[in-house]
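Protein chains: 2
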Amino acid sequence: MRYAPTIAKLIAELGKLPGIGNKSAQRLAFHILSMPLEEAATLSDSITAARQSVRLCSVCQNYTDRDPCSVCGDPNRDRSTICVVENPRDVSTMERMRDYQGLYHVLHGVYSPLQNVGLDSLKLKELITRLQKEDSVREVILATNQTAEGEATALYISRLIKPSGIRVTRIASGLPMGSDLEFADDLTLSKAMRARHEF
Amino acid sequence: MRYAPTIAKLIAELGKLPGIGNKSAQRLAFHILSMPLEEAATLSDSITAARQSVRLCSVCQNYTDRDPCSVCGDPNRDRSTICVVENPRDVSTMERMRDYQGLYHVLHGVYSPLQNVGLDSLKLKELITRLQKEDSVREVILATNQTAEGEATALYISRLIKPSGIRVTRIASGLPMGSDLEFADDLTLSKAMRARHEF
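Chains C and B supply the protein sequences, listed in that same order. Read in order, the letters of the first sequence are residues 21 to 219 in the numbering used here. Read in order, the letters of the second sequence are residues 21 to 219 in the numbering used here.
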């Protein structure tokens with residue numbers, strides 16, 4: 021059965037979103053059709069409003085509606101440390117911990133030749149320029165994911181920064197808290213063994 | 021970390037959609053922020069366009085952009101049979117089968133007192149009026165889901181229509197094709213046994 025063109029278009033557009041297959045797109049579309057007009061308009065407006073008002077912070081490259089962003093513009097943050105993460109969601113994950121007081125730098129991706137993501141598309145140049153401009157930075161913490169791509173990107177960045185004399189660290193990998201040894205994978209276990217420390 | 025207000029709003033609106041939790045809403049929101057401006061506008065427009073152009077077919081109550089809808093307006097469809105389904109998605113599921121040539125009637129829900137869906141909110145009155153107006157109908161097939169609510173709704177409708185002399189049928193329940201007896205649940209198996217037929 022052919023859907024009405026506007027319904028088909030809506031299903032197609034929703035289906036382009038990550039993690040939304042054709043079935044989910046249909047379910048969402050029919051839900052939207054059953055929503056009161058104003059609610060559908062609010063949803064639609066929130067998309068354009070967010071997309072139009074939000075840009076990248078000129079300092080840390082995180083999404084923001086003002087420049088510099090709320091973290092970079094906060095005088096209480098520790099300006100000697102920059103935590104490098106893959107994407108904006110990682111910033112909110114780190115902030116949830118309420119433990120880190122330094123600044124961030126968002127790469128917007130990781131080096132992944134298999135997925136056609138080259139080093140040029142990452143916000144690396146911006147990081148280097150930032151380190152050259154700001155004398156206050158003493159440490160760069162590489163918090164890219166513990167994946168092959170994340171590791172490779174971290175290694176590359178560390179080699180890029182090391183010559184400048186700034187301390188470069190990598191967040192630890194090991195057994196997650198509350199986990200059973202029995203269910204740990206070999207790579208994690210071997211990393212955890214090698215990174216063992218004195219009591 | 022507090023998100024920029026427009027981002028928070030977008031996450032909240034996306035989180036209202038069915039099956040989209042807070043995590044998914046965040047992922048979708050950040051994906052939308054990373055989309056080119058025009059693509060985000062297209063998505064936003066498709067929501068308003070669909071919601072504004074689509075209404076209910078005055079005959080079968082299915083979603084449509086013209087009245088009567090493409091099924092009800094098709095002169096080649098068999099006007100003697102009406103298949104009653106719970107929601108618009110069920111119509112497209114039935115149509116995918118390419119086997120049924122009759123008309124439809126969409127209830128937009130099932131009787132479900134536990135979820136506060138009363139009989140009044142279903143498009144039942146419309147079905148009855150339709151049956152009284154159109155003499156051509158010889159059979160009403162009840163194709164609500166094989167759930168407690170679907171069964172109850174089907175039973176109620178059958179009692180409502182029977183006095184008029186129109187044939188009322190229910191789609192069969194039994195073991196799905198390609199399934200193993202071993203994995204069938206008791207209720208399905210017992211229904212399938214009782215509905216056995218001669219070779």
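Mixed in with the good hints there might be a few duds.
Because identical chains cannot be distinguished in the list, a pair is counted as satisfied if it fits within a single copy or across any two copies.
Stated by the list, open to error - With a straight-line cut-off of 20 Å between C-alpha atoms, the simulated DMTMM-like cross-links for lysine to aspartate or glutamate are: (1) Lys36 / Asp65; (2) Lys29 / Asp85; (3) Lys36 / Glu171; (4) Lys29 / Asp65.
Treat the hints as calculated values from the structure; they're not laboratory data. Computed from a predicted structure; not experimentally measured.
For this session: Identify every previously stated hint that the structure contradicts and give their numbers, smallest first.
Result: 3
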